[in-house]
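For the protein sequence lines, the chains are R and F, in the order given.
According to this note's numbering, the residues represented by the first sequence are 24 to 136, in order.
According to this note's numbering, the residues represented by the second sequence are 42 to 152, in order.
Misleading hints may appear alongside valid ones.
Claimed, not checked - Pairs of lysine-lysine, DSS-like flavour, derived with a Cα cap of 30 Å:
id, chain 1, residue 1, chain 2, residue 2
1, R, Lys79, R, Lys100
2, R, Lys72, F, Lys50
3, F, Lys111, F, Lys50
4, F, Lys112, F, Lys50
5, R, Lys72, F, Lys98
6, F, Lys112, F, Lys98
7, R, Lys72, R, Lys83
8, R, Lys83, F, Lys50
9, R, Lys72, F, Lys112
10, R, Lys100, R, Lys83
11, R, Lys91, R, Lys75
12, R, Lys72, R, Lys91
13, F, Lys98, F, Lys55
14, F, Lys98, R, Lys75
15, R, Lys91, R, Lys79
Stated by the list, open to error - Here's a subset of chain F near chain R, in silico, CB distances under 8 Å, partners left out:
id, residue
16, Pro49
17, Phe51
18, Pro124
19, Gln141
20, Phe143
21, Gly146
It should be emphasised that the hints constitute simulated quantities derived from the structure, not laboratory data.
Being a predicted model, the structure only gives us computed values, none of them experimental.
From the three backbone atoms N, C-alpha and C, an ideal C-beta is built for every residue, glycine too.
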Amino acid sequence: GDSVTQMEGPVTLSEEACLTINCTYTATGYPSLFWYVQYPGEGLQLLLKATKADDKGSNKGFEATYRKETTSFHLEKGSVQVSDSAVYFCALSDGGATNKLIFGTGTLLAVQP
Amino acid sequence: NAGVTQTPKFRVLKTGQSMTLLCAQDMNHEYMYWYRQDPGMGLRLIHYSVGEGTTAKGEVPDGYNVSRLKKQNFLLGLESAAPSQTSVYFCATTAGEETQYFGPGTRLLVL
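Please model the complete structure; the sequences and the hints are all you need to start from.
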C-alpha cells in the first residue's frame with residue numbers, strides 16, 4: 024500500500040542555519056503531497072502542499088518540490104528561526120473519495136539561538 | 042469560528058473503564074477523522090466518516106467505536122480501555138479538498 028518515509032530526528036540546528044528534511048513516498052496513483060507542522064502542545068496545521076509533479080509548495084519561508092522521478096518531497100528552508108522548532112510531518116493523499124491522509128513518522132526540529 | 046474542538050483535553054482512565062471523546066466542528070465539513078499519535082509512529086487513522094450517519098474503519102480500529110449522528114460531531118468511544126490505548130488522539134476534518142484541519146488533541150492515559 025501507499026506509504027511515506029521521512030528522516031528520523033531529532034534535527035538540531037543553530038539559528039539561521041539551512042534546513043532539509045527528507046521525505047520519500049510510495050504510491051500506486053498520483054498523490055497530493057503535504058507537509059504539516061505541529062508546534063508544542065498543539066494540533067497539526069498545514070504548512071504547504073503540492074498536487075502534481077514539479078509543483079512547488081511554499082509558505083513561511085519553507086519550500087518543497089514534488090519530484091515524481093525520485094518520489095520525493097523534501098522540505099527546505101534557507102534560514103531557520105527558534106520559532107520553527109516543531110515536529111514536521113510529511114503526508115500523502117491518494118485523492119480518493121475518502122480523502123484519507125497517510126503520514127510519515129514525523130521529524131522533530133530543534134533550533135537553538 | 043472555533044474550527045475544530047476536542048473534549049476533554051486530558052483524561053486518566055483505569056484499565057477496563059469506558060469513555061467517549063468528542064470532536065466538534067463548525068466548518069460544515071463532510072469528512073471527519075480520528076487519529077492516534079504515538080512516539081515514533083506518526084499519526085495512524087482509527088476511524089473516519091464521509092458524511093452524517095456514515096462511519097468506516099481506518100488503519101487501527103480495534104478497541105474503538107465511533108458515531109456521526111450529527112454532521113458537526115464525531116464521537117470516539119473506548120468500551121474497555123487498555124494501557125495500549127494510552128496516546129494522544131486527534132480529530133481532523135475536511136470539506137473534501139484534501140487539506141485536513143486538526144483539533145488540539147486529547148491526551149489519554151490508561152493505567
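Tested hints:
1. About 13 Å separates the Cα atoms of Lys79/R and Lys100/R, which keeps this hinted pair within 30 Å; it holds.
2. Distance restraint check for Lys72/R and Lys50/F: the Cα-Cα separation of roughly 29 Å lies within the 30 Å cut-off, and the hinted pair is therefore satisfied.
3. Among the hinted pairs, Lys111/F with Lys50/F is consistent with the structure: their alpha-carbon atoms are about 21 Å apart, no more than 30 Å.
4. With a C-alpha separation of about 22 Å, the suggested pairing of Lys112/F with Lys50/F holds against the 30 Å cut-off.
5. Note on Lys72/R and Lys98/F: the hinted pairing holds, with a Cα-Cα distance of about 26 Å set against a maximum of 30 Å.
6. The straight-line distance between the Cα atoms of Lys112/F and Lys98/F is roughly 18 Å, inside the 30 Å bound, and the hint therefore holds.
7. Our distance criterion of 30 Å between C-alpha atoms is met by Lys72/R and Lys83/R, whose separation comes to about 13 Å.
8. Taking the CA atoms of Lys83/R and Lys50/F, the gap is about 29 Å. The hint holds against a cut of 30 Å.
9. Restraint check for Lys72/R and Lys112/F: satisfied, since their Cα atoms lie roughly 27 Å apart, inside the 30 Å limit.
10. For the hint linking Lys100/R to Lys83/R, the alpha-carbon distance of about 9 Å falls within 30 Å, and the restraint holds.
11. With a CA separation close to 9 Å, the supplied pair Lys91/R and Lys75/R stays within the 30 Å bound.
12. A threshold of 30 Å between alpha carbons decides the hint, and for Lys72/R with Lys91/R the separation of about 14 Å falls inside it, so the pair holds.
13. Restraint check: the Cα-Cα separation between Lys98/F and Lys55/F comes to about 25 Å, which is no more than 30 Å; the hinted pair holds.
14. Restraint check: the Cα-Cα separation between Lys98/F and Lys75/R comes to about 28 Å, which is no more than 30 Å; the hinted pair holds.
15. Distance check on the hinted pair: Lys91/R and Lys79/R sit about 12 Å apart at the alpha-carbon level, within 30 Å; holds.
16. At a threshold of 8 Å, the smallest CB-CB gap from Pro49/F to chain R is about 15 Å, leaving the interface hint violated.
17. The beta carbon of Phe51/F comes no nearer than 11 Å to any beta carbon in chain R, farther than 8 Å, and the hint placing it at the interface is violated.
18. The closest approach between the C-beta of Pro124/F and any C-beta of chain R is roughly 22 Å, which is over the 8 Å cut-off, so the hint fails.
19. Residue-level restraint check for Gln141/F holds (minimum Cβ-Cβ distance to chain R is 6 Å; threshold 8 Å).
20. For Phe143/F, the suggested interface contact is upheld, since its CB lies about 4 Å from the closest CB of chain R, less than 8 Å.
21. The criterion of a C-beta within 8 Å of any C-beta in chain R is met by Gly146/F, whose closest approach is roughly 5 Å, and the hint holds.
Checked against the numbered hints above, the structure violates hints 16, 17, 18; every other hint is satisfied.
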